[in-house]
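Work out the full structure: start from the sequences and follow the hints.
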Amino acid sequence: MLTKRIIPCLDVKEGRVVKGIQFLSLRDAGDPVELAKVYDEQGADELVFLDISATHEGRKTMVEMVREVAATLAIPFTVGGGIGSLEDMKSILRAGADKVSLNSAAVRSPELVTEGANYFGSQCIVVAIDAKYDEEVGTYRVYTHGGRRPTEWLVTDWAQEVERRGAGELLVTSMDRDGEKTGFDSGLLETVQQVVGIPVIASGGAGNADHFVDVFQHNRADAALAASIFHYKETSVESVKQVLKENGVHVR
Amino acid sequence: MIGVIDYGMGNLFSVLKALDRLDVEATVTDRKEVLERCDGLVLPGVGAFPDAMKALNETGLKELVQRKVEQGTPLLGICLGMQLLFDESDENTSTTGLGLLPGRIVRFEGENASGEMFKVPHMGWNHLDQRHPSSVLLNGIEDGYVYFVHSYYLTTEDDEVVIASADYETTVPAVVGKGHVFGTQFHPEKSGPTGMKILKNFCEYVTEQTERGV
Numbered sequence: 001m002l003t004k005r006i007i008p009c010l011d012v013k014e015g016r017v018v019k020g021i022q023f024l025s026l027r028d029a030g031d032p033v034e035l036a037k038v039y040d041e042q043g044a045d046e047l048v049f050l051d052i053s054a055t056h057e058g059r060k061t062m063v064e065m066v067r068e069v070a071a072t073l074a075i076p077f078t079v080g081g082g083i084g085s086l087e088d089m090k091s092i093l094r095a096g097a098d099k100v101s102l103n104s105a106a107v108r109s110p111e112l113v114t115e116g117a118n119y120f121g122s123q124c125i126v127v128a129i130d131a132k133y134d135e136e137v138g139t140y141r142v143y144t145h146g147g148r149r150p151t152e153w154l155v156t157d158w159a160q161e162v163e164r165r166g167a168g169e170l171l172v173t174s175m176d177r178d179g180e181k182t183g184f185d186s187g188l189l190e191t192v193q194q195v196v197g198i199p200v201i202a203s204g205g206a207g208n209a210d211h212f213v214d215v216f217q218h219n220r221a222d223a224a225l226a227a228s229i230f231h232y233k234e235t236s237v238e239s240v241k242q243v244l245k246e247n248g249v250h251v252r
Numbered sequence: 001m002i003g004v005i006d007y008g009m010g011n012l013f014s015v016l017k018a019l020d021r022l023d024v025e026a027t028v029t030d031r032k033e034v035l036e037r038c039d040g041l042v043l044p045g046v047g048a049f050p051d052a053m054k055a056l057n058e059t060g061l062k063e064l065v066q067r068k069v070e071q072g073t074p075l076l077g078i079c080l081g082m083q084l085l086f087d088e089s090d091e092n093t094s095t096t097g098l099g100l101l102p103g104r105i106v107r108f109e110g111e112n113a114s115g116e117m118f119k120v121p122h123m124g125w126n127h128l129d130q131r132h133p134s135s136v137l138l139n140g141i142e143d144g145y146v147y148f149v150h151s152y153y154l155t156t157e158d159d160e161v162v163i164a165s166a167d168y169e170t171t172v173p174a175v176v177g178k179g180h181v182f183g184t185q186f187h188p189e190k191s192g193p194t195g196m197k198i199l200k201n202f203c204e205y206v207t208e209q210t211e212r213g214v
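Protein chains in written order, with full-length UniProt numbering: chain X, 1 to 252; chain E, 1 to 214.
Just so you know, these hints were derived from the structure itself, not from any lab. We treat Cβ as the ideally placed atom computed from N, Cα and C, and that holds for glycine. One or more of the hints may lead you astray.
Taking lysine-lysine and the DSS-like style, the derived pairs with C-alpha atoms no more than 25 Å apart in a straight line are [unchecked claim]:
| id | chain 1 | residue 1 | chain 2 | residue 2 |
| --- | --- | --- | --- | --- |
| 1 | X | Lys233 | X | Lys13 |
| 2 | E | Lys119 | X | Lys245 |
| 3 | X | Lys37 | E | Lys200 |
| 4 | E | Lys197 | X | Lys37 |
| 5 | E | Lys17 | X | Lys37 |
| 6 | X | Lys60 | X | Lys37 |
| 7 | E | Lys17 | X | Lys60 |
| 8 | X | Lys90 | E | Lys54 |
| 9 | X | Lys90 | E | Lys197 |
Calculated from the model, a selection of chain X residues having no Cβ within reach of chain E, i.e. all distances over 12 Å [claimed, not checked]:
| id | residue |
| --- | --- |
| 10 | His56 |
| 11 | Arg165 |
| 12 | Ala209 |
Shown next, in the form of structure tokens:
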């Protein structure tokens, strides 16, 4: 039986991890490669690196970082953030990333998902969906540009559209829950889970191990991603997995 | 020297890096004269079976691999590379494989015996159920999980070929082998310590065979 995956997410800017990481024991707290190793040792099943570099130089540094991470890590990792063309995907995947994650660019030009899947295979293409509940229509709407811009897409339509275009996985972030630490967004995740046949990664809202138990026990996701609870050492991947095991959730 | 065969399919870099970490002398190449001299070969691969066979045929690497194997050179196929070792695949259209091991590659139905839908691809970490723990590839592996990403899997009449399997709605052959031809359906280079140990076992086997002058 497939295990449920725990995926820490690291925000990287100009080749450094940002977002107040508190791994005091590390020589260099902002080094993505060092942090990746720590998470690997804790039993992370995969990692996501989100490039939030604003400059061209920062982008180039990202490719170097990917190369270094790939040389160190024996678990799969995904790179996302600002990937807008087949060329961007090529440079990241050739540097050794296993998957790329597309977000705003996929909404802007959905054919990018098709092209990426045809060229590299669906398993390389993750589509990240940022969604928020829309009172007026009574369901979830897709946003882009880090949640700043609403789109015409409702989450069910968009999820099906990208699956049809060859996306291999969906990374579904709840904007309503992001940073709230009140648990994953069951409504959003169930909505997506019901309409697609590809793996769904839950994101947004993780505050403690029980939140992971909840999302997995109800099969609302195949994997779950979190950033701050791991960074701030509120819990570790290891202890989340321990709690999952105790609750009968199959993990590695 | 281990030769990672570059026939234009898949992530060769991660396999090479994993071999680097094991301190194994390895090269990624499409040059026949280089592969010819290698003591062991790795056939990686991500993508579609027909495209891969077409590439192997057109480059003449198919003939080279078959001949090297006949001469006793150990071979390890990874993921699609493992599937290519078998007789044929149903992917897109029926395609003949390398025919080094007996079996047929078929697609996950996406629906189990009780009519419930399940997700395809089989993606993520799954437990490795050992069937022939005495195989050189499983040496020192007690219990472990490995990372899979695939939509097609092996069916074979020859149970001896299946060294380890995983359970995903059906029994999925995970490690295969016969004689000096091996394959893993999962990605050992992405499967943490268990995967690295399996790669290491293959490399050590290559060294032993070379020293024995095979």
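Each hint tested on the structure:
1. X:Lys233 / X:Lys13: 21 Å, holds
2. E:Lys119 / X:Lys245: Since the Cα atoms of E:Lys119 and X:Lys245 sit roughly 23 Å apart, the hinted pair holds (cutoff 25 Å).
3. X:Lys37 / E:Lys200: With a Cα-Cα distance of about 20 Å, the restraint between X:Lys37 and E:Lys200 holds, given a limit of 25 Å.
4. E:Lys197 / X:Lys37: Satisfied, since the Cα-Cα distance of roughly 18 Å is no more than 25 Å.
5. E:Lys17 / X:Lys37: 15 Å, holds
6. X:Lys60 / X:Lys37: 22 Å, holds
7. E:Lys17 / X:Lys60: Answer holds: E:Lys17 to X:Lys60 is near 21 Å, not above 25 Å.
8. X:Lys90 / E:Lys54: 22 Å, holds
9. X:Lys90 / E:Lys197: 30 Å, violated
10. His56: 24 Å, holds
11. Arg165: 16 Å, holds
12. Ala209: Fine: 19 Å to the nearest Cβ keeps X:Ala209 off the interface.
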